[in-house]
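Spelled out, the chains give:
Protein chains: 2
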Amino acid sequence: MRQKVYVEGSSPGIRVPFAEVHLSGGNPPVRLYDTSGPGSEPEEGLPELRRAWIDERAAHGTGPCVTQLHYARKGIITPEMEFAAIREGLDPKIVREEIAAGRAILPNNVNHPESEPMLIGSRFLVKINANIGTSAVSDSIADEVEKLRWATKWGADTVMDLSTGKHIHATREHIIRNSPVPIGTVPLYQALEKVDGDPVKLTWEVFRDTVIEQAEQGVDYMTVHAGVLLRYVPLAADRVTGIVSRGGSIMAAWCLAHHTESFLYTHFEELCEIFARYDVAFSLGDGLRPGSIADANDEAQFAELRTLGELTRIAWRHDVQVMIEGPGHVPMHKIKENVDLQKEICAEAPFYTLGPLTTDIAPAYDHITSAIGAAMIGMFGTAMLCYVTPKEHLGLPNRDDVKAGVIAYKIAAHAADLAKGHPTAQAWDDALSKARFEFRWEDQFNLSLDPDTAREYHDETLPAEPAKTAHFCSMCGPKFCSMRISHDLKEYAARGMAEKSAEFVDGGGKVYLPVVS
Amino acid sequence: MRQKVYVEGSSPGIRVPFAEVHLSGGNPPVRLYDTSGPGSEPEEGLPELRRAWIDERAAHGTGPCVTQLHYARKGIITPEMEFAAIREGLDPKIVREEIAAGRAILPNNVNHPESEPMLIGSRFLVKINANIGTSAVSDSIADEVEKLRWATKWGADTVMDLSTGKHIHATREHIIRNSPVPIGTVPLYQALEKVDGDPVKLTWEVFRDTVIEQAEQGVDYMTVHAGVLLRYVPLAADRVTGIVSRGGSIMAAWCLAHHTESFLYTHFEELCEIFARYDVAFSLGDGLRPGSIADANDEAQFAELRTLGELTRIAWRHDVQVMIEGPGHVPMHKIKENVDLQKEICAEAPFYTLGPLTTDIAPAYDHITSAIGAAMIGMFGTAMLCYVTPKEHLGLPNRDDVKAGVIAYKIAAHAADLAKGHPTAQAWDDALSKARFEFRWEDQFNLSLDPDTAREYHDETLPAEPAKTAHFCSMCGPKFCSMRISHDLKEYAARGMAEKSAEFVDGGGKVYLPVVS
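Taken in order, these protein sequences are the chains called A and B. Per my numbering, the first sequence starts with residue 6, numbered consecutively. Per my numbering, the second sequence starts with residue 6, numbered consecutively.
Errors might be hidden in some of the hints.
A pair counts as met if it fits within one copy or between any two copies, since identical chains are not told apart.
Unchecked claim - Straight-line C-alpha distance at most 25 Å; calculated SDA-like pairs for lysine to any residue:
| hint | residue 1 | residue 2 |
| --- | --- | --- |
| 1 | K171 | T466 |
| 2 | K158 | V10 |
| 3 | K206 | R78 |
| 4 | K79 | I319 |
These aren't lab readings, by the way, just hints derived from the structure by calculation.
Hey, can you work out the whole structure from these sequences and the hints?
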């Protein structure tokens with residue numbers, strides 16, 4: 006059985022949710038990180054968890070900057086930091102240090118007090134983002150709010166609302182008010198709608214006003230493609246797949262049409278001033294990311310990355326939190342170079358990558374082609390992985406696709422946590438494997454990333470209730486089970502070893518001689 | 006459109022199948038490796054492709070050994086080697102060298118003349134195996150033959166028949182007669198049935214007779230757990246999941262009960278003599294492979310591996326082909342050690358791994374947890390990847406599960422081929438990405454690993470036929486498409502660069518200054 010429990014922090018307002026899995030046979034319960042939030046009625050929205058903390062700081066604040074980076078640098082451990090530290094099972098001091106150094110961000114706009122604080126940084130659990138949003142051909146607000154609920158139920162740590170088409174403002178409002186996780190956006194998409202979809206008509210003023218509109222609503226981080234400079238555009242001309250980032254292609258079109266440097270780059274300091282007032286974090290977009298294996302790690306991509314490094318330092322001067330977006334499509338042997346360069350160029354600001362897909366040949370399965378790359382890039386130090394659904398390159402994700410993408414990415418993130426040796430990661434695997442070895446089927450299901458599907462698959466072959474307590478499964482059948490034989494061996498060996506323990510002899514190397522009678 | 010085509014070798018009997026994908030817009034066709042075989046009526050079986058080659062050698066043979074390793078060491082390039090070389094796009098001389106050195110195997114029992122020769126070795130394309138087979142709770146022969154057809158349709162390079170329960174012999178007969186790919190088995194499973202499922206009653210004679218029975222039928226490779234020695238069994242006693250290999254646990258039970266060394270180990274040379282007469286290849290089983298993240302890379306596992314290295318050299322003395330089985334469950338940071346040790350200990354005999362799964366927490370998604378590990382271990386040099394289906398740990402795979410497992414593993418294998426730089430690998434990705442960039446939807450579907458699902462997903466959002474030629478997709482909608490903008494940019498940049506080419510200035514590092522007017 007799974008149950009939501011809360012762990013109290015140092016003051017009453019800090020109540021950190023976990024999903025507690027109760028186990029049978031006297032085994033201790035296992036607490037899992039929980040992103041699902043307290044639940045809400047879509048029209049009412051969530052309670053304002055962080056309201057008192059925000060107001061308290063506003064009452065004593067001395068300047069316009071309200072970012073967690075600002076407080077961290079002053080040596081303050083905010084309630085948000087403590088909350089997030091408890092979620093990670095780590096000392097809040099470490100959280101403050103990592104944020105102060107720019108190696109982690111805690112995205113939480115002061116106008117999104119409903120959010121449950123979380124961390125994005127290589128020293129913490131690898132996080133995943135799910136993209137949702139309406140488009141010109143599919144624009145139901147209710148559907149998107151349901152996708153938000155669904156994505157966080159399965160484990161999305163942040164959600165990006167990438168709505169285009171009609172109702173962008175209203176869709177976002179519903180999403181933010183119901184979201185227990187930070188919400189990200191790409192303000193350029195809405196700005197483009199305001200100029201009838203013509204990139205050439207974009208202006209700094211339209212963009213700025215859109216950013217302020219979204220910051221006022223409570224968007225926690227915004228993708229800004231300020232690294233797509235005029236002089237980089239020709240570098241993408243000979244690629245197999247050109248510019249595949251929507252934001253990147255819009256800005257490239259604008260730069261070429263006006264033969265002027267990008268307004269996102271030339272007005273970057275003004276953006277920082279706006280972001281500082283709300284604690285919006287930058288997600289510096291990789292508008293020139295590769296869209297195919299052939300284009301991975303090319304000069305266009307890395308030229309932009311160098312500019313993102315420059316912008317990172319400017320944002321930090323304004324006490325604004327920053328993470329850096331990364332690719333995309335990258336074959337396995339070129340993945341590590343992406344992380345190494347990003348760390349070096351961007352002074353260890355958190356890396357946030359889209360996959361990467363490790364091959365182009367499997368449309369309809371890009372949650373898998375990219376989970377491979379995501380797990381690897383996570384192991385090398387990427388802090389957050391943007392999910393890819395089975396519909397990537399083909400269509401808009403529905404509810405099933407959102408779940409498939411989230412689960413594939415929870416797997417990738419957790420595999421990376423294990424490989425990085427996060428102190429809380431392996432206990433989960435061990436608890437499940439122990440349940441498996443002891444034929445505690447219900448415990449095994451309840452400890453699964455997706456208990457519903459695990460139970461359903463088991464029941465497909467052996468539906469009867471007694472099978473849930475059987476000491477075998479359908480794979481070998483009742484007569485013949487390696488797990489059961491292995492149990493017998495374990496007892497046998499334990500008896501044998503006790504009797505013969507005096508006779509233990511080292512039989513060359515690290516291999517033992519027979520010890521069982 | 007996809008069409009089966011044949012490439013002729015140096016003699017008329019050598020006709021190597023490929024799936025040729027015809028593309029629109031004057032793009033050259035793409036030829037893909039094809040495992041699907043010529044097709045058969047289940048009761049009739051396939052034509053005997055290799056009959057003449059086998060008979061020819063028998064007519065001129067001077068000894069009982071008929072293995073490809075035997076011929077390779079004599080400097081002979083067999084028709085099988087040439088056939089497989091054409092499939093790989095490589096010189097047959099390389100194939101002979103790799104087989105002679107033991108770094109590759111070409112599994113093809115002389116009694117399975119229906120099979121299309123293929124290679125398992127780190128210098129060649131990474132191969133995948135699909136497991137099928139009846140069990141005590143599910144025993145339809147027709148279902149298993151259909152799974153064979155289905156698995157090879159989607160790309161399985163070999164199939165293992167792991168049948169237990171009733172009708173083992175008849176099931177295998179139907180599978181071999183209809184299989185265009187090598188068939189592997191674990192003879193111990195059938196031997197166990199012959200002694201009523203009691204491991205203690207097993208004898209060398211029962212096992213030997215079972216091996217001969219299966220070799221006579223045409224099994225191409227057999228898993229033999231000859232490395233599970235009596236003295237290793239206690240090493241597994243303190244594991245979280247003990248011994249999870251069925252073969253390993255059977256042999257461990259036998260060794261403990263008789264307090265005698267494994268008959269597979271003590272009679273190994275006799276096995277070699279049998280295998281040499283049919284050209285059955287060893288798949289030396291890892292009976293002590295880890296069954297959980299906690300147990301990965303432990304002493305039990307590596308002690309057995311050292312014995313497999315010893316057995317490899319014995320098999321080679323008999324000119325018998327050998328590959329080595331590997332894990333299992335391994336976290337990402339411990340994967341490379343498995344390959345490095347295996348190469349060193351087993352003198353580069355091909356490695357054949359089950360996944361490995363990179364986390365234990367996702368039953369129902371272990372095709373994904375293990376595709377991550379499979380892709381990585383393939384990149385490091387593993388020659389063949391045994392698939393894992395979504396039903397792993399939960400139940401028996403049905404038709405959908407077989408497909409899901411095969412596709413996930415084709416992705417892993419191809420991602421590894423790209424990372425290893427196999428000379429033919431990237432052309433496929435490039436052709437698909439080019440089709441994507443040029444909005445050639447039908448070409449994109451036809452080049453996909455799974456054209457049916459790619460087409461279905463596309464049609465879900467944009468079903469109308471005109472959408473197949475549309476220069477946009479449902480993700481951005483018609484007004485707003487980064488790919489289309491990118492095309493405009495490409496033309497724009499090309500024009501601009503032509504005009505301004507005289508003005509090119511290197512703007513520091515490798516970044517160009519603006520060149521577009």
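Each hint tested on the structure:
For the homomeric pair K171 and T466, the shortest alpha-carbon distance between copies (18 Å) is at most 25 Å, but the shortest distance inside one copy (47 Å) is not. Proximity of K158 and V10 under a CA criterion of 25 Å is satisfied intra-copy only: 15 Å inside one chain copy versus 49 Å between copies. Taking identical chains as interchangeable, the C-alpha atoms of K206 and R78 are never at most 25 Å apart, the minima being 40 Å within one chain and 72 Å between chains. Proximity of K79 and I319 under a CA criterion of 25 Å is satisfied intra-copy only: 19 Å inside one chain copy versus 69 Å between copies.
Hint 3 from the list above is the single one not met by this structure.
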